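From first to last, the protein sequence lines are chains W and E. Just so you know, we're using the numbering used here here: the first sequence kicks off at 121 and counts up by one. Just so you know, we're using the numbering used here here: the second sequence kicks off at 152 and counts up by one.
If you are wondering where the hints come from, they were derived from the structure by calculation, not from laboratory data. Do not take every clue at face value.
Said to hold, decoys possible - Footprint (simulated), chain E over chain W, 3 or more residues, beta carbon under 8 Å: (1) 176 to 184; (2) 193 to 207; (3) 210 to 216; (4) 220 to 234; (5) 280 to 292.
Remember, predicted model here, so these are calculated numbers, not experimental data. Glycine included, C-beta positions come from ideal geometry on N, C-alpha and C.
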Amino acid sequence: MPGAAGTKLEVDSLSFFYGKTRALKDVTFNIPERRITAIIGPSGCGKTTLLRVFNRMYDLVPGARAQGTVLMDGNDIVTTTKLLDLRQKVGMVFQRPSPFPMSIRDNVAFGPRLLGWNKTRVKELVRSSLEAAALWDEVSDRLDEPATSLSGGQQQRLVIARCLAVSPEVILMDEPCSALDPVATLKIEDLMVQLARDYTIVIVTHNMQQAARVSDFTAFMLMNPEGRHGELIEFAPTADLFNAPRDPRTEAYITGRFG
Amino acid sequence: MRRNLWRRFGSTFAMGAVYGLTGLALVPLGLVLWFTTAKGLPSVAHMEFFTNAQRPSGIPGGGVANAIVGTAIVVSLASLAAIPIGVLSGIYLAEYGAGRWASWVRLASDVLVGAPSIALGLFAFALVVVPQHHYSAIAASVALSVLMLPVVIRTTEGAVGLIPNGLRESGLALGLPRWRVSLQLILPAAAPGVITGALLAIARAAGETAPVLFTALGNQNLVFDPTRAMSTLPLVVFRDALTPYKDLQQEAWGAALLLMVMVLVINLGSRWVLRRQIRLARQL
Numbered sequence: 121m122p123g124a125a126g127t128k129l130e131v132d133s134l135s136f137f138y139g140k141t142r143a144l145k146d147v148t149f150n151i152p153e154r155r156i157t158a159i160i161g162p163s164g165c166g167k168t169t170l171l172r173v174f175n176r177m178y179d180l181v182p183g184a185r186a187q188g189t190v191l192m193d194g195n196d197i198v199t200t201t202k203l204l205d206l207r208q209k210v211g212m213v214f215q216r217p218s219p220f221p222m223s224i225r226d227n228v229a230f231g232p233r234l235l236g237w238n239k240t241r242v243k244e245l246v247r248s249s250l251e252a253a254a255l256w257d258e259v260s261d262r263l264d265e266p267a268t269s270l271s272g273g274q275q276q277r278l279v280i281a282r283c284l285a286v287s288p289e290v291i292l293m294d295e296p297c298s299a300l301d302p303v304a305t306l307k308i309e310d311l312m313v314q315l316a317r318d319y320t321i322v323i324v325t326h327n328m329q330q331a332a333r334v335s336d337f338t339a340f341m342l343m344n345p346e347g348r349h350g351e352l353i354e355f356a357p358t359a360d361l362f363n364a365p366r367d368p369r370t371e372a373y374i375t376g377r378f379g
Numbered sequence: 152m153r154r155n156l157w158r159r160f161g162s163t164f165a166m167g168a169v170y171g172l173t174g175l176a177l178v179p180l181g182l183v184l185w186f187t188t189a190k191g192l193p194s195v196a197h198m199e200f201f202t203n204a205q206r207p208s209g210i211p212g213g214g215v216a217n218a219i220v221g222t223a224i225v226v227s228l229a230s231l232a233a234i235p236i237g238v239l240s241g242i243y244l245a246e247y248g249a250g251r252w253a254s255w256v257r258l259a260s261d262v263l264v265g266a267p268s269i270a271l272g273l274f275a276f277a278l279v280v281v282p283q284h285h286y287s288a289i290a291a292s293v294a295l296s297v298l299m300l301p302v303v304i305r306t307t308e309g310a311v312g313l314i315p316n317g318l319r320e321s322g323l324a325l326g327l328p329r330w331r332v333s334l335q336l337i338l339p340a341a342a343p344g345v346i347t348g349a350l351l352a353i354a355r356a357a358g359e360t361a362p363v364l365f366t367a368l369g370n371q372n373l374v375f376d377p378t379r380a381m382s383t384l385p386l387v388v389f390r391d392a393l394t395p396y397k398d399l400q401q402e403a404w405g406a407a408l409l410l411m412v413m414v415l416v417i418n419l420g421s422r423w424v425l426r427r428q429i430r431l432a433r434q435l
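Just chain W, same shape as in the assembly:
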């Protein structure tokens, strides 16, 4: 599937700091549009930090700052002041399913309502988003039940539907399946492949098999043993990275020799 695709996110010499501690150094690669890009690597290599730059979620952490540029459609994410627009365009799904403490319907409608979109549109969005998240058939007859009554896998798909409802272009997923059982994981993976037709997906995962199964491109990151900061070791189409890694460290990781 990889091949001709435009670039959605252009990451150029990106470094990241928590106070004086450097967490990322000189990360440069292009994330293609309407494809799934996986970021893999051992714990502490900066995968999640990198992901949180793409929607500026790090702004909440005091003392955190990024250096370098991340261009989305020509606009720099690192320096933009239009945070709300950015986060609407770049949605995020977290590791633990985080349903809002309200009904299934209200969960999906929450974002659109607060953004002031009109009622008919919100109503349509609830259905279309749940359909796109492959959850509609399971919940269409109980939209008013609390979201917490759903199973973990359903909750995670609800969170995806909630994210789709505000019409994002990019969806960031931070280990979206690590709290789920194998069946639920498979459903989310199928869903990701579906969504990649319309959205650019970036997924952080511990699970190499998952990256190999679903992603079109893979970025392998590692912590620099001297500087103790994360670095991008290799970025390539997934098949190439897993079958013919260029860097010996990538090979060592994917063959399970460390990490």
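Following the hints, position chain E against chain W.
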């Protein structure tokens, strides 16, 4: 063998001391409940106690309706001021309170919790009663709202702090402004905890005597106008108990029982709401 015996003796002795002293600590509570109930029941047994205003000694059919209404008015007005300010301050502390300013607010509210309630009464006396030249329910509400404020602030902060960070980030990730996430997502999720704090503050305010003593002053008549002097249940207990008349002393016991039951009900209610909050927070 002998060491073992010695150990067992030590253990039994320690356990006995723990149980015994715990029991001792419960004795005053039990006695207060028992005395108030036993002495107050005869008053409460009459319907007039709830429907009639106070009457002078010797005239039968007196009640404490004026004080029940007074307590309701004074505490409601105090809540109207203290709860919104307290809830918003609590949200501020929990959601944005990392800086020096927030630590000052925290310190101030902790100091306020420990402030003698009579000092709050004096404060309201100087602030409201002196310039207006007369006692009023409003003055008492001012004193009680200052008393309630720190309780509401700290319980709101605690309840909002219980909400997992994932919820906050999920809201922000939708592209919603932070203040809307705080008020429309985090606050509703923390609502049971916030309500608990408000109820505890109300219970505490309803039972206070000192702050209403020289602000509401007391009033034998049933009045609804908050700009006038008014009676509250603790005031009835205080004033009646000081009289030499048996019938008024009896009325004091009745008022005390009524007050105790009210506070007990509010406290139990707040615990029930709090339990729901904890269950909810676990699900998130």
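Against the structure, the hints come out as follows:
For the segment 176 to 184 of chain W, the stated coverage by chain E holds: 3 residues have a C-beta nearer than 8 Å to a C-beta of that chain, and at least 3 were required. Given a C-beta distance limit of less than 8 Å, the hint that chain E covers the segment 193 to 207 of chain W holds, as 4 residues qualify and 3 suffice. For the segment 210 to 216 of chain W, the stated coverage by chain E holds: 4 residues have a C-beta nearer than 8 Å to a C-beta of that chain, and at least 3 were required. Coverage of the segment 220 to 234 of chain W by chain E holds [criterion: at least 3 residues with CB-CB distance below 8 Å; count 6].
Figure legend: the segment 280 to 292 of chain W, annotated as covered by chain E; annotation consistent (3 residues with Cβ-Cβ distances under 8 Å, at least 3 required).
Hint check: no violations occur; every hint is consistent with the structure.
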